[in-house]
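Q: Read top to bottom, the protein sequences are chains F and Y.
Residue 247 is where the first sequence starts when you use the numbering used here, and the numbers rise one by one after that.
Residue 424 is where the second sequence starts when you use the numbering used here, and the numbers rise one by one after that.
Worth flagging that the hints you see were computed from the coordinates, not collected in a lab.
Quick caveat, the model's predicted, so the values are computed rather than measured.
The C-beta atom is built at its ideal place from N, Cα and C for all residues, glycine as well.
Some hints could be false.
Between beta-carbon pairs, the in silico distance windows are [stated by the list, open to error]:
1) F/264 x Y/473: 52 to 62 Å
2) F/314 x Y/529: 20 to 30 Å
3) Y/454 x F/251: 41 to 51 Å
4) Y/508 x F/260: 20 to 30 Å
5) Y/477 x F/260: 50 to 60 Å
In case you want the letters, here they are:
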Amino acid sequence: MARTTSRPLSPHLTIWKWGPHMAVSIMHRVTGNGLATVGALGLVWWLMAAAIGPEAYATFVRCATSPIGYLVMVGLSWFFFQHLCSGLRHFVLDMGAGYELRTNKSWSIATFIMSALLTILFWSYIFFGKAF
Amino acid sequence: MGTGTGIGRVRGLGSAKHGAHHWLAQRYTAVGNLLLVLWLLFSLISLPGLDYESVVGWIANPLVAVPMMLMLVSIFYHLRLGMQVMLEDYVHDKGLSFLSVLLLNFYAIGGAAAGIFAIAKIAFTGAAD
Numbered sequence: 247m248a249r250t251t252s253r254p255l256s257p258h259l260t261i262w263k264w265g266p267h268m269a270v271s272i273m274h275r276v277t278g279n280g281l282a283t284v285g286a287l288g289l290v291w292w293l294m295a296a297a298i299g300p301e302a303y304a305t306f307v308r309c310a311t312s313p314i315g316y317l318v319m320v321g322l323s324w325f326f327f328q329h330l331c332s333g334l335r336h337f338v339l340d341m342g343a344g345y346e347l348r349t350n351k352s353w354s355i356a357t358f359i360m361s362a363l364l365t366i367l368f369w370s371y372i373f374f375g376k377a378f
Numbered sequence: 424m425g426t427g428t429g430i431g432r433v434r435g436l437g438s439a440k441h442g443a444h445h446w447l448a449q450r451y452t453a454v455g456n457l458l459l460v461l462w463l464l465f466s467l468i469s470l471p472g473l474d475y476e477s478v479v480g481w482i483a484n485p486l487v488a489v490p491m492m493l494m495l496v497s498i499f500y501h502l503r504l505g506m507q508v509m510l511e512d513y514v515h516d517k518g519l520s521f522l523s524v525l526l527l528n529f530y531a532i533g534g535a536a537a538g539i540f541a542i543a544k545i546a547f548t549g550a551a552d
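Make a model of the complete structure from these sequences and hints.
A: So, in structure tokens, the structure goes:
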């Protein structure tokens with residue numbers, strides 16, 4: 247359809263600023279697709295390596311416990327916890343709750359804080375272990 | 424774009440009337456993932472070791488193999504739905520869009536099959552020499 251340029255455009259399409267709700271939304275997609283690719287392939291690699299035998303498993307462990315391997319695993323765990331927290335936020339939004347500006351902002355920020363805390367807790371437990 | 428008319432559906436442009444099912448299945452598998460992946464993470468960090476013998480011995484337990492298989496179904500079903508939405512948003516060319524969803528289906532079903540087969544092999548035949 248032809249559009250005349252003399253008519254005004256809706257101003258809200260160009261005037262906006264970043265808010266936590268936008269960050270949590272795009273992060274939900276980024277973390278979801280990261281887990282869906284790297285995470286799912288890593289999981290299947292781990293299972294396949296265990297099914298094939300000790301040598302294949304040793305190769306998996308060597309890669310997973312290399313510096314890059316740890317970086318990927320820490321990243322994936324953070325992605326998982328972030329996707330989990332914003333997924334829980336989605337369940338609340340699905341019920342029609344939590345759309346008030348202040349509430350929405352607080353819960354958006356809370357997902358980032360929760361995922362960071364859960365990641366730190368998870369890896370602290372692995373490294374400093376069974377102490378607590 | 425079709426708006427749910429007969430010809431629109433034939434051309435794959437209109438409403439396929441699958442939206443609600445997609446939406447619900449995304450939520451069902453989300454709950455599945457929530458429970459099963461948390462179970463996996465808690466189990467992994469409480470295992471005595473993550474060496475070959477410990478892991479294979481652990482997976483061979485039916486009470487581990489079954490939830491692990493269910494987890495793979497839930498994960499790959501969920502990622503298939505989620506990645507489809509991502510592709511629909513970003514891949515605009517019609518042919519490329521069709522191809523990408525085709526490959527996504529191969530990936531999701533192939534990945535789940537590979538993972539489930541691996542678990543089944545460990546559960547039925549135990550550790551390899």
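Q: All the hints need checking, so say for each whether the structure fits it.
A: Quick rundown of the hints versus the structure:
no.: 1; hint: F/264 x Y/473: 52 to 62 Å; result: violated (40 Å)
no.: 2; hint: F/314 x Y/529: 20 to 30 Å; result: holds (28 Å)
no.: 3; hint: Y/454 x F/251: 41 to 51 Å; result: holds (49 Å)
no.: 4; hint: Y/508 x F/260: 20 to 30 Å; result: holds (26 Å)
no.: 5; hint: Y/477 x F/260: 50 to 60 Å; result: holds (58 Å)
Hint check: a violation occurs at hint 1 only; the rest are consistent with the structure.
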